[in-house]
Amino acid sequence: MDLNAHCVSHPAATFYLRAEGESMTGVGIFPGDLLVVDKSLTPRHGDVVIALLDGGFTVKTLQLKPRLRLLPANPAFAPIDPSMSLSLELFGVVTHVIGNLRQRDGHSAR
Numbered sequence: 078m079d080l081n082a083h084c085v086s087h088p089a090a091t092f093y094l095r096a097e098g099e100s101m102t103g104v105g106i107f108p109g110d111l112l113v114v115d116k117s118l119t120p121r122h123g124d125v126v127i128a129l130l131d132g133g134f135t136v137k138t139l140q141l142k143p144r145l146r147l148l149p150a151n152p153a154f155a156p157i158d159p160s161m162s163l164s165l166e167l168f169g170v171v172t173h174v175i176g177n178l179r180q181r182d183g184h185s186a187r
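Numbering-wise, the sequence shown is residues 78 to 187 according to our numbering.
Source of the hints: derived by calculation from the structure; they are not laboratory data.
Note that the Cβ used here is the ideal one computed from N, Cα and C, for glycine as well.
Honestly, I wouldn't trust all of these hints.
Stated by the list, open to error - Computed Cβ-Cβ distance ranges for the label pairs, DEER-style:
1) CYS84 x LEU141: 23 to 31 angstroms
2) GLY123 x ASN177: 24 to 32 angstroms
3) LEU111 x GLY133: 14 to 22 angstroms
4) MET78 x LEU145: 36 to 44 angstroms
5) MET161 x MET78: 39 to 47 angstroms
6) PRO143 x ASN81: 32 to 40 angstroms
7) PRO108 x ALA155: 15 to 23 angstroms
Taking the hints into account, I'd like the entire structure generated from these sequences.
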């Protein structure tokens with residue numbers, strides 16, 4: 078199986094990011110996971126997105142209704158209200174997550 082063929086619909090608009098932090102563990106995104114991000118997709122309500130917020134990137138679930146917010150998937154983190162920020166750009170939609178299950182269980186990556 079070719080993972081590029083399976084995970085990449087728009088090669089010219091797709092990039093990869095390494096996840097950091099614990100704010101999205103509730104949707105299965107853990108520190109160190111590889112995120113497949115498609116910039117060509119129009120972000121929709123409920124999509125997991127990469128957002129550029131005040132000069133820093135964040136991964137959150139996009140809420141469009143009743144108002145725009147970026148939601149974590151971990152109750153230890155607060156939602157982000159972009160109206161309180163200087164700038165917000167939705168950079169892409171996360172389409173796939175590739176994670177190492179052994180690392181999540183505390184095993185070595187080898």
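Going through the hints against the structure:
no.: 1; hint: CYS84 x LEU141: 23 to 31 angstroms; in the structure: holds, 25 angstroms
no.: 2; hint: GLY123 x ASN177: 24 to 32 angstroms; in the structure: holds, 26 angstroms
no.: 3; hint: LEU111 x GLY133: 14 to 22 angstroms; in the structure: holds, 20 angstroms
no.: 4; hint: MET78 x LEU145: 36 to 44 angstroms; in the structure: holds, 38 angstroms
no.: 5; hint: MET161 x MET78: 39 to 47 angstroms; in the structure: holds, 44 angstroms
no.: 6; hint: PRO143 x ASN81: 32 to 40 angstroms; in the structure: holds, 38 angstroms
no.: 7; hint: PRO108 x ALA155: 15 to 23 angstroms; in the structure: holds, 19 angstroms
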